[in-house]
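Engineer: Here is how the chains run, residue by residue.
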Amino acid sequence: MSVSARASVASLDFVALAKEFPGVRALDDVSFSVRGGGVHALMGENGAGKSTLLKILSGAYRPSSGSVRLDGIERVFGSTAEAIAAGVAVIYQELHLVSEMTVAENLLIGRYPRRGLLLDRAALRAEAARLLALVGEDLSPDTRLGRLSLAQRQMVEIAKALGRGARVVAFDEPTSSLSAKETARLFAIIRDLKARGHAILYVTHRMDEVYEICDAATVLRDGRHVVTHDSLAAVTRDALVKSMVGRELTNVYNYRPRLQRPEGLEVSGLAGPGLRAPVSFSVKRGEVLGFFGLVGAGRSELMRLVCGAVEPSAGEVKIHGARLASGSPRAAIRAGLVFCPEDRKKEGIVAIRSVAENINLSARRSRLRAGLFLDFTWEKRNAREKIAGLRVRTASADTLIGTLSGGNQQKAILARWLSENVRVIVLDEPTRGIDIGAKSEIYALIHELAETGVAVVIVSSELPEVLGISDRVIVMREGLVAAEFARESATPEAVLRAALPSGSSVSAAAA
Amino acid sequence: MSSNASASAPASASPFSRLWDSAGMLLVFALLFVGCSIFVENFFSVANLRGLALSVSTIGMIACTMMFCLAAGDFDLSVGSVVAFAGVLGATVMNATGNVALGVAAALGSGALVGFVNGVLVARVGINALITTLASMQIVRGLGFIASDGRAVGIRTDSFFAFGNSALLGVPTPVWLTIGCFAIFGVLLNLTIFGRNALAIGGNKEAAHLAGVPVTRIKVVIFTLQGLVAAFAGLVLAARMTSGQPNTSQGLELEVISACVLGGVSLSGGVARIGAVVAGVLIMGLVQNAMNLLNIPPFYQYVARGLILLGAVMLDRFKRRA
Ligand SMILES: Nc1ncnc2c1ncn2[C@@H]1O[C@H](COP(=O)(O)OP(=O)(O)OP(=O)(O)O)[C@@H](O)[C@H]1O
Ligand SMILES: [Mg+2]
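So the protein lines, in turn, are chains W and U.
Following my numbering from start to finish, the first sequence increments by one per residue and tops out at 503.
Following my numbering from start to finish, the second sequence increments by one per residue and tops out at 381.
Please keep in mind that the hints were generated in silico from the structure rather than gathered at the bench.
Since we're looking at a predicted model, the values are computed, not measured.
Treat the hints with care, as some may be off.
Simulated crosslink set (DSBU-like; lysine-lysine; CA at most 35 Å straight-line) [to be verified]: (1) W:Lys338 - U:Lys264; (2) W:Lys372 - U:Lys264; (3) U:Lys264 - W:Lys47; (4) W:Lys47 - W:Lys338; (5) W:Lys431 - W:Lys337; (6) U:Lys264 - W:Lys431; (7) U:Lys264 - W:Lys234; (8) W:Lys337 - W:Lys310; (9) W:Lys372 - W:Lys173; (10) W:Lys338 - W:Lys173; (11) W:Lys337 - W:Lys186; (12) W:Lys234 - W:Lys337; (13) W:Lys186 - W:Lys431; (14) W:Lys310 - U:Lys264; (15) W:Lys372 - W:Lys431.
Working from the sequences, and respecting the hints, build out all of it.
Structural biologist: Listed below in structure tokens is the structure:
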């Protein structure tokens, strides 16, 4: 099992891999090869089977049939421990670290250096420091993990994998919560892994990243293998998208000017945790207002205050001119202000309940009989309509939402809010983890909502998205509103410059 | 849309797991019942089955509300103490005033109050349910002893205990009341927004809150109902025993939680089925009854009950894995 015994350039083959879940065939006869010394993109729509493939690779799931070959040797990993021992590491979006322990303890968990029966602290720290240096992370090994940013934790996870001699490293949408700068760091490390001959599998929905960091690409659709490009040089973006979605996608953002009516949402002097000064803004009915900023600029904090998830210390919110009771999501929803939070897992889905339950959770309130009894006809119909309308890919309305792919969970949560009588909708990173086809559907939906007179607020870290769909853009920086742009004057350079901390240059962060 | 749907054509779940999901525990109960009828002498007789049903009536009533508590991600250890306290208080008030209604009202009111305080401490103040109800369990038990001076309080109003020992169509009144509880709380769980909200809270409190579910209010209501039903069960028990006994029902909370777990209620919240809880309660009572008939010494019965609980949970996990 020693590292030197293996070939220096890793190779990884998936052979006729299939995986069935009750009611779903997540993977169906998938075969392709990943060469060491390269980064291989794994692409496909929500529910295409990408995460499932990674989970088989990591030993978390067993394939229904087929196998994984590592350096030509057939392997079926019975557990994650076996996969790790064989040199495979999968970096999931939800990281598997213990926040109560120090960085060093996390890095070497399960294989602490010992002297006799006792823990060898000095050796532990030395080894941890060596691993951190591998990923260029300048951190004290004694820091408690809970204090680190998401990006730093990701680095720790990668260092941990390297410490275990991982030669195959797979990433599942690693950049979705990273800032541009952090993404650049991650890419530097991935290039370094590549230079060492490791085989890297990279799952993403972001086309830019594919062209920036990946050498080859495989596309899955509905659990089947569509195509593998060994080189991306001759493959156009449109061709890749088409192979994923199965049709041409034109005019993704679908922006058209809309009639703008009186104010829908008015926020004045709102103050609270995460904001360095009170914030005021308003959105007209029929308008889409985009909030751009780097991760941590205070946009989500502001939206939480607006929608009552957090009690503001000052200020007020008006919906269609009527003042809203502060600090109550319930009051907000009743007044027609709905909020789709960014952390889907923690604040969006109720994982162990069905898709239908999750969709009807909020709106059923206004469809009761005798104020207490559920209207099952409405519940069924609403769930069915929304599942079809948003193309939520699920075996049935009664499937547990937790078993859906990430993007489909997001669509189901959107369906929850579209079941309401919406006047104002606040969407915090609504397209995170959503595939290109579904994104354009969501943009179309936003447009439709606005057209019917809904005031839309959208928070996003994706600049093209914000610029593409918004009538107006507000930029936040370090807990303050930094600038505001009308659609015509919102150029990428100007918006990005406003978002960056003063003193840093645009080109460095845009890279 | 159409291409998506066809590619993920349902490879339908195995019929066994379907059946298990809907009726697994009732099936286990049926098997046990048949087994006991054949192999345990005196089991299948009207007198014994009546006794069995009576013996689970207290657990059964309280299991209804405990199911809600667990479904919403909490639990309540104070129910045994409330049962005892309600009996003592009801008996004392009836003896002092000669008025049954007053005694019943005092007992139910105090039970609801204990539940309400539990609920406020857990849901509003944010103290962990284990600590809160561990404390109220001891406080209420203590109050029961104080109120009765540690002795059973004999009930002198015979209309009250005549009611506890009456029967309708050959079925004892307490059993009817238990069936009534199952029906009411079954409806509440399956057909109302209250039940769905409780499950959503247990599944993900934060998400439920952001979806406009009144989390605090629902939790307080659940705890209050729990106290109310425990006090009601305490009154029925006192009527059966013709006295309020301050040391009755010690450890009842664990039996109730065991019955719920046997009935597939998830301790982490979000999952509950009334039919399975009924089966869980019946299995507990049946096993106890059979062990008594077989003259198994009480010390061994503890061991057996623990093993059955473990066995049921393992079976459930095994099924989920399969
Ligand atoms: N544990 C599970 N039980 C049942 N079905 C599952 C389970 N895990 C995944 N699935 C189903 O398998 C299919 C593929 O899911 P997977 O998570 O691999 O998609 P994905 O390509 O990663 O999508 P996304 O881009 O949205 O993350 C989906 O239809 C999903 O509902
Ligand atoms: Mg995925």
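Engineer: Run every hint past the structure and note whether it holds.
Structural biologist: Here's how the hints hold up against the structure:
no.: 1; hint: W:Lys338 - U:Lys264; verdict: 9 Å, holds
no.: 2; hint: W:Lys372 - U:Lys264; verdict: 24 Å, holds
no.: 3; hint: U:Lys264 - W:Lys47; verdict: 28 Å, holds
no.: 4; hint: W:Lys47 - W:Lys338; verdict: 21 Å, holds
no.: 5; hint: W:Lys431 - W:Lys337; verdict: 19 Å, holds
no.: 6; hint: U:Lys264 - W:Lys431; verdict: 29 Å, holds
no.: 7; hint: U:Lys264 - W:Lys234; verdict: 40 Å, violated
no.: 8; hint: W:Lys337 - W:Lys310; verdict: 29 Å, holds
no.: 9; hint: W:Lys372 - W:Lys173; verdict: 46 Å, violated
no.: 10; hint: W:Lys338 - W:Lys173; verdict: 26 Å, holds
no.: 11; hint: W:Lys337 - W:Lys186; verdict: 32 Å, holds
no.: 12; hint: W:Lys234 - W:Lys337; verdict: 30 Å, holds
no.: 13; hint: W:Lys186 - W:Lys431; verdict: 31 Å, holds
no.: 14; hint: W:Lys310 - U:Lys264; verdict: 27 Å, holds
no.: 15; hint: W:Lys372 - W:Lys431; verdict: 26 Å, holds
Checked against the numbered hints given earlier, this structure breaks hints 7, 9; the rest are met.
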